[in-house]
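*Asks:* Chains A and B, in that order, are what the protein sequence lines are. So for the first sequence, the UniProt record's numbering puts the first residue at 1; every next one is plus one. So for the second sequence, the UniProt record's numbering puts the first residue at 1; every next one is plus one.
Since the hints were derived computationally from the structure, they do not count as laboratory data. From a predicted model like this one, the values you see are computed outputs, not experimental measurements. Among these hints, one or two may not hold up.
Said to hold, decoys possible - Across the chosen pairs, the derived CB separations fall in these ranges: (1) B:Pro135 <-> A:Glu151: 38 to 46 Å; (2) B:Asn31 <-> A:Asp370: 49 to 57 Å; (3) A:Pro144 <-> B:Gly442: 32 to 40 Å; (4) A:Arg101 <-> B:Val386: 40 to 48 Å; (5) A:Ala157 <-> B:Ile406: 45 to 53 Å; (6) B:Arg384 <-> A:Arg519: 54 to 62 Å.
Here a beta-carbon is modelled for each residue, glycine too, at the ideal position from N, C-alpha and C.
2 protein chains.
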Amino acid sequence: MLEDSPNTKIDAALAKLGKALESGDIEAAVNLFQADCYWRDLVTFTWNLRTMEGHDQIRDMLTSQLNTIKPSRFRQDETELATDGDGITQGWFEFETDVARGYGHTRLKNGLVWTLLTTMSEIKGHEEPKGLKRPMGAEHGHDPNRRTWSEKRQDEATRLGYETQPYVVIVGGGQGGIALGARLRQLGVPTIIIEKNERPGDSWRKRYKSLCLHDPVWYDHLPYIPFPENWPVFAPKDKIGDWLEMYTKVMELNYWNSTACKSAAYDEDKQEWTVIVERDGKEVVLRPKQLVLATGMSGKANVPKFKGQETFRGEQQHSSQHPGPDAYKGKRVVVVGANNSAHDICAALWEAGADVTMVQRSSTHIVRSDSLMEIGLGDLYSERAVAAGMTTRKADLIFASLPYKIMHEFQIPLYDKMRERDAKFYSDLEKAGFMLDWGADGSGLFMKYLRRGSGYYIDVGACDLIIDGSIKLKSGSDVDHLTETSVVLKDGTELPADLVVYATGYGSMNGWAADLISREVAEKVGKCWGLGSDTPKDPGPWEGEQRNMWKPTQQEALWFHGGNLHQSRHYSQYLSLQLKARQAGIETPVYGLQESHHRG
Amino acid sequence: MLEDSPNTKIDAALAKLGKALESGDIEAAVNLFQADCYWRDLVTFTWNLRTMEGHDQIRDMLTSQLNTIKPSRFRQDETELATDGDGITQGWFEFETDVARGYGHTRLKNGLVWTLLTTMSEIKGHEEPKGLKRPMGAEHGHDPNRRTWSEKRQDEATRLGYETQPYVVIVGGGQGGIALGARLRQLGVPTIIIEKNERPGDSWRKRYKSLCLHDPVWYDHLPYIPFPENWPVFAPKDKIGDWLEMYTKVMELNYWNSTACKSAAYDEDKQEWTVIVERDGKEVVLRPKQLVLATGMSGKANVPKFKGQETFRGEQQHSSQHPGPDAYKGKRVVVVGANNSAHDICAALWEAGADVTMVQRSSTHIVRSDSLMEIGLGDLYSERAVAAGMTTRKADLIFASLPYKIMHEFQIPLYDKMRERDAKFYSDLEKAGFMLDWGADGSGLFMKYLRRGSGYYIDVGACDLIIDGSIKLKSGSDVDHLTETSVVLKDGTELPADLVVYATGYGSMNGWAADLISREVAEKVGKCWGLGSDTPKDPGPWEGEQRNMWKPTQQEALWFHGGNLHQSRHYSQYLSLQLKARQAGIETPVYGLQESHHRG
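Only chain A is shown next, with the shape it has when bound in the complex (with noise of 0.2 Å):
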């Protein structure tokens, strides 16, 4: 007998899903899966960001959203090929709700399914005007009442916030509020994004001067606009920030620049906010529906407080406000921390002529540049993986279609690789007293990322600083104090300072919604970021996504967006069209809305 082709299999599996869930037999549903099963829904059936783990959740979610949801024409995406390999099948397919059009990916395993993503593409009759739906542009015929694109873009930017009021309002426009404000803007959402800085791009304009990303360009593009071909792999600061404002002006976002934010309350009778903020010196009120936090998760700086600071006559800066090594020649500094921002600006300051010492105060994951690219990155972002016919998009959703639950389990083994493919240099590093991890459970950076946003460096170069001793390394112990003149350690040892950089990283996201909310209103989201992992700085118990990140959270109309450039292009998907669906009064059931298990 013939062995079926793999997207014969897949047809198949669609076609029994397909049928349990149209005809409403959650438990025929439920049985298409095997024991050990994830079902990943990205807004479609949850109206929220959840993965499904097992048959219970599975049959406890549908026995919640099934009725209201309506999924129907299950079938698989013609344009690609499903694949078999180390007896798992895997495909693509298209589906709809009630109200929308979805897109999915499947993994099977003797015809059951062991991995499901569901994510949402489009609302039903609320398309983006694109491809052959994108304006005309010019209106042909006859108008005595014409208005240009340019007096009517004018205008609205003119009269929104003031007569009339935006529905969403984003505070902050890095990369994240502003692809948000791109997708809100396709999708007809009146939105105004808050910006302190002068520029869009000037978040990361004003950072360290050697700042280049550390990720490679196939995985920062923005949405609609992808980075040309030219563009470097590694993008300095101040081109990211150029490239940032070029975005804001032809996206036509209503960008508010030098405005800051002061306060906003929500008003649960009105079901509205009252946003705050200063604009040229005046104050503004803005009315908005929708509140979304886009200030960052490395935002909100974390400096931690030590003996003696109020005394020492140098200088002290957190990483975010240090301006770069050129006032520090022939100084000496001391940088608290051994993260990105702290190889980074030790570097730089070496570079520069200063005499520095990095404090690593416990231990660090560290890759090299191009060992993460190759072999983390390389199947999915890379120029290899664009000559190989992989778009930006199936990245990102093959990406998201791996349950966090099981996603170590694909990293242990990358990491492992990266491990023996450098060990001469990790050897040296480890001579030269740096103290290493490979993250709890050997995952790695990615997964520390998604943990806690920190704990790792991807080394450019500073590593060989620090093994030959260019870069002074103290480790192993914490700051004690700080003198006039100096910071001591626990250990007693007494470094010479002009100048002290903490390179201490963030705190959660929702201390930007203490400051600019309520401490109440903080602690009843409580934590961002993290996935209950239960290893260190991310606290159980176990989510399955990321806490309270571009979904509901438990103040109503209050929502968190960020990351690096490709959760701002993939997740801002999802979040715009949670934003579109209230803003078009569609009905959104919530299933399993983020519970508070930690302040923050």
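Start from chain A and add chain B according to the hints.
*Replies:* Below, chain B alone, put in the same frame as chain A:
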């Protein structure tokens, strides 16, 4: 016997052509072409843009060039399907010359070449840094003399034109100068673009306010960064302006805005230009090796002289100076001319409540925008074409593969179709007294554009206003003179006027050379644009290519670049490669240098 597949036929023809050319057997090569044949070469064989028509011209070109060019490696592009239809086999191929890589297209009839297109893709050893060759951006490692991207970019911008000299100066920073500047930057050719306006894009922004592109988005992409999927079909002028401005910034062009070019002179001994410009109120002397005039084929206003112009008490404007209708509500306006700008300006004035009369002095070719899009461009430049897998590059090459000599034969049936489709419309226009034509041979709009760059209107609504009399029409009589308060036609009609707009087109681009360099050089170069078709405003002799555009001229180191966005995109490729070859010191034997037959 099985019939050969189209790909097999193309393979066979390429094998023979390659063998003949590689072995230097010119007669064998010539005999692979049928008697009625065309070889259009863009830079690879001729270091020129030339179409060889018939055996003799092909033989002559090969006799002159073959020894130096050394073509080789003719092979079918395996990623494209060859096709058969109407007795013609079409296919795509790659090839090389001694110094370059090329790409081509051919049409065979009965196994013999009917049309051949050979184009230069890149120069060996001077490939653009894109894809696998893109820059790293971040410079990994450590370097005490490290300068950041932004410091280096700033340095370059500060020094170029003062401490260092550009290899190329482009006069004119519209779409043409910008597209060419972008390509030259990618090729590493130091270039300054001189632009009199304040901001990139102002040459669009400053035109009449209702202006939108008449060409659709699929036809208008710039190199490197295509318009996004949500870009309007017909972009409003200010939106195109903003796009050009951002493009100039992110492509890192050295764009000298608010800078006037005062004069240019070529030193034959030094082989160098002296270009005097005024920047920020100060004179700067530039000494480039190459000078490109990209001042626009619609740049040098053609203002007719009529008796009484000096005594007319109202306003007189060339269409390029017309600010839009807002100030003319209730005023009487006479618009002289009946082409694109005249129609757009009349319609906008009528919409604003002016009393408008159009003076049509000679017949005009009219096509309705939707018919033109569907019938004229739809196969190559449309959403339909994109959905069918047509890329911009391929569309450009197909377009370029039709020899100008026979292009009208491909065009006439399209315009016959439009005439039939819109018969009622044309009949209504004629009833209103409008004088119609379809080009000298019925070949319609695109041939008129190529031959004379004038004589048509793409209807987006003004025709209905003429048909219903909202825009008054006086046709068939030229202006005789102006009085203090009116325009008097040769037939005696007196048209009272507060404003006269001369929508009377533009002069040949070599007029710019007369202004900037000298009358002598302008005459030595001769008329720009036109094919030599011996039709109205396109005097013979037949050239087979557009006169003096994008190729060497009778003035060493002087080049003309211009045209619509399509041409700015596509032909900037060939002009940039010609300039790069000269900068790199590569031998560039020009075959068939453009002769000068008309002073301009």
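*Asks:* Against this structure, judge whether each hint is valid.
*Replies:* Structure-based check of each hint:
no., hint, result
1, B:Pro135 <-> A:Glu151: 38 to 46 Å, "41 Å, holds"
2, B:Asn31 <-> A:Asp370: 49 to 57 Å, "54 Å, holds"
3, A:Pro144 <-> B:Gly442: 32 to 40 Å, "36 Å, holds"
4, A:Arg101 <-> B:Val386: 40 to 48 Å, "20 Å, violated"
5, A:Ala157 <-> B:Ile406: 45 to 53 Å, "51 Å, holds"
6, B:Arg384 <-> A:Arg519: 54 to 62 Å, "58 Å, holds"
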